[in-house]
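Asks: Sequence lines, in order, name chains A and B.
Numbering of the first sequence is given in my numbering, commencing with residue 52 and proceeding in unit increments.
Numbering of the second sequence is given in my numbering, commencing with residue 52 and proceeding in unit increments.
Be a bit skeptical, because a hint or two may be false.
[To be verified] Not everything, but these chain B residues come out facing chain A in the computed CB check (under 8 Å):
| id | residue |
| --- | --- |
| 1 | Tyr61 |
| 2 | His107 |
| 3 | Gln132 |
| 4 | Asp136 |
| 5 | Asp137 |
| 6 | Ile138 |
| 7 | Ile140 |
| 8 | Arg176 |
[Claimed, not checked] Take a look, some chain B residues computed to stay more than 12 Å from chain A by CB distance:
| id | residue |
| --- | --- |
| 9 | Asp62 |
| 10 | Gln72 |
| 11 | Ala108 |
| 12 | Glu174 |
| 13 | Thr178 |
| 14 | Ala185 |
| 15 | Arg278 |
[Stated by the list, open to error] Straight-line Cα separation of at most 25 Å, SDA-like style, residue types lysine to any residue; simulated pairs:
| id | chain 1 | residue 1 | chain 2 | residue 2 |
| --- | --- | --- | --- | --- |
| 16 | A | Lys279 | A | Arg238 |
| 17 | B | Lys231 | A | Arg176 |
| 18 | A | Lys144 | B | Lys190 |
| 19 | B | Lys231 | A | Lys279 |
| 20 | B | Lys231 | B | Val295 |
| 21 | A | Lys231 | B | Val295 |
| 22 | B | Lys53 | B | Arg120 |
| 23 | A | Lys231 | B | Glu232 |
| 24 | A | Lys125 | B | Tyr183 |
| 25 | A | Lys125 | B | Gly184 |
| 26 | A | Lys279 | A | Phe170 |
| 27 | A | Lys231 | B | Tyr175 |
| 28 | A | Lys125 | B | Pro171 |
| 29 | A | Lys231 | B | Lys53 |
| 30 | B | Lys125 | A | Phe170 |
| 31 | B | Lys231 | A | Tyr128 |
The set of hints was computed from the structure by calculation and includes no laboratory data.
Using N, Cα and C, we set each Cβ at its ideal position, and we do this for glycine too.
Protein chains: 2
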Amino acid sequence: MKRVMLIVSYDGTNYHGWQVQPFAVTVEGVLNQALCSLTGEQIQVIGASRTDAGVHARGNVAVFDTESRIPGEKFSYALNQYLPDDIVIQSSKEVAATFHPRRCDCIKTYEYTVLNRTFPLPEYRNTAFFYYGALDIEKMRIAARAFLGKHDFAGFCSSGAQVQSTVRTVYSLEILHDLKEEILRIRIRGDGFLYNMVRIIAGTLLEVGKGNLRPEDMERIIISRERKEAGPTAPAKGLKLLGVEYL
Amino acid sequence: MKRVMLIVSYDGTNYHGWQVQPFAVTVEGVLNQALCSLTGEQIQVIGASRTDAGVHARGNVAVFDTESRIPGEKFSYALNQYLPDDIVIQSSKEVAATFHPRRCDCIKTYEYTVLNRTFPLPEYRNTAFFYYGALDIEKMRIAARAFLGKHDFAGFCSSGAQVQSTVRTVYSLEILHDLKEEILRIRIRGDGFLYNMVRIIAGTLLEVGKGNLRPEDMERIIISRERKEAGPTAPAKGLKLLGVEYL
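Whole structure, please, built from the sequences with the hints as guidance.
Replies: Here it is, written out as structure tokens:
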């Protein structure tokens, strides 16, 4: 028996999110089926991030246990033969039998993409949130600083999630602006994120960009711990989990 | 009556190319229907480039005549309400009644995208050709120089097209390499391209990158005027018409 870790990329457009659900096609469900086809075993992967419907990943992490003789680093090649072209394993390796992708300390990096121009571009229709109005990017950058560090992010969490603590640490929050493509990328690194936290931060920063909130409102909103004080939850399709680094 | 020019962007994945066909969904057909819904007129657009199935465009050009009172520059806003999200008008304006997008002198720019890494990335599955082997990009750049200028490109043309002359001028042919994303973009500007010419040039340059052809073979292949001497036609999904400039 060995434990294998997969780095999984996917376009979430055609999936009802990561987590297995009855009567819905999910990334986790498709991975389990592909592993069953490959190994003949009943395998259930454990994911690092249970992304929502429509959310994408460049490098989500999944682990599973297997009796298979396939070497850990060869699983990527073998498993990709059984996967659709919107889910691709980027690498695989054997890990310690005790490794659990949600219980180990890690840094997650997410990116929220906004297409900010007069008309949308078809190639970004599933992977960016389109907004045609003016955005004050410098104000968004000033506002972004308020999120850095350790805070109670209770106001930046959708209801429905059960967590012991709503305190999280944000290590960096950059806003990259590709002038040529008129694309804004809000990139955030942290030790973990509450349910919808990245999308609510993105939605709040967009309100600053539009002029509906001021950069100096951020501190008050964070301290309030009230969901209604923050901006709206930005649409799922703009969000991508770039990667998970284990410490 | 006035003549209106549209700049049209589309993801060609779900279309049987540009040109209207019976029993197939095409970009031109969808544009005609949208214009009919908007104006109540039976309109047939004329396109600058009749792209193949699976080929994309950032800025193809279409013109049509209309009695509509909608000002030329407002057609983009109005027409986008009637179009699916994989076809978007980027701008519109009134042009001279004599303007014909295929009979006027122009410069077309195409880009061929190659994803060159160990495993594909799901978000590029419809918009790039995936190749995992090593490519010698410097050799491809040297080979690219042979295509510059005025040549008889009869060897870089698929059969089936009827053209009076197979002489075309290539103004530039750059190979851009995005190391981070492991993407190669072959960008070519010219006064016009024969049927499949960009895809055959891309396929030939890829043979150089793989080591199956040498940069110094290019001149001989061009002079031969024989389709069988050139490389294979690279897959449609990697090709995008970036734009058309009228002189």
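Asks: Now tell me, hint by hint, if it's right for this structure.
Replies: Going down the list of hints, with the structure as the test:
1. Tyr61: With Cβ-Cβ at 5 Å, under 8 Å, it holds.
2. His107: holds (7 Å)
3. Gln132: Status violated, d = 12 Å.
4. Asp136: holds (5 Å)
5. Asp137: holds (5 Å)
6. Ile138: Since chain A brings a Cβ to about 7 Å from Ile138/B, closer than 8 Å, the hint holds.
7. Ile140: holds (7 Å)
8. Arg176: Since chain A brings a Cβ to about 5 Å from Arg176/B, closer than 8 Å, the hint holds.
9. Asp62: violated (4 Å)
10. Gln72: Holds: least Cβ distance 21 Å, greater than 12 Å.
11. Ala108: Violated, because the least Cβ-Cβ distance between Ala108/B and chain A comes to about 9 Å, which does not exceed 12 Å.
12. Glu174: violated (5 Å)
13. Thr178: violated (6 Å)
14. Ala185: holds (17 Å)
15. Arg278: holds (30 Å)
16. Lys279/A to Arg238/A: Given pair Lys279/A, Arg238/A holds - Cα atoms ~23 Å apart, limit 25 Å.
17. Lys231/B to Arg176/A: Judged against 25 Å, a Cα distance of about 23 Å means the pair holds.
18. Lys144/A to Lys190/B: violated (35 Å)
19. Lys231/B to Lys279/A: Given pair Lys231/B, Lys279/A is violated - Cα atoms ~39 Å apart, limit 25 Å.
20. Lys231/B to Val295/B: violated (29 Å)
21. Lys231/A to Val295/B: holds (18 Å)
22. Lys53/B to Arg120/B: holds (9 Å)
23. Lys231/A to Glu232/B: holds (17 Å)
24. Lys125/A to Tyr183/B: holds (16 Å)
25. Lys125/A to Gly184/B: holds (17 Å)
26. Lys279/A to Phe170/A: Violated, because 30 Å separates the two Cα atoms, which is more than 25 Å.
27. Lys231/A to Tyr175/B: holds (19 Å)
28. Lys125/A to Pro171/B: Measuring from Cα to Cα gives roughly 16 Å; hence the hint holds.
29. Lys231/A to Lys53/B: Not satisfied, since the Cα-Cα distance of roughly 33 Å exceeds 25 Å.
30. Lys125/B to Phe170/A: holds (13 Å)
31. Lys231/B to Tyr128/A: holds (22 Å)
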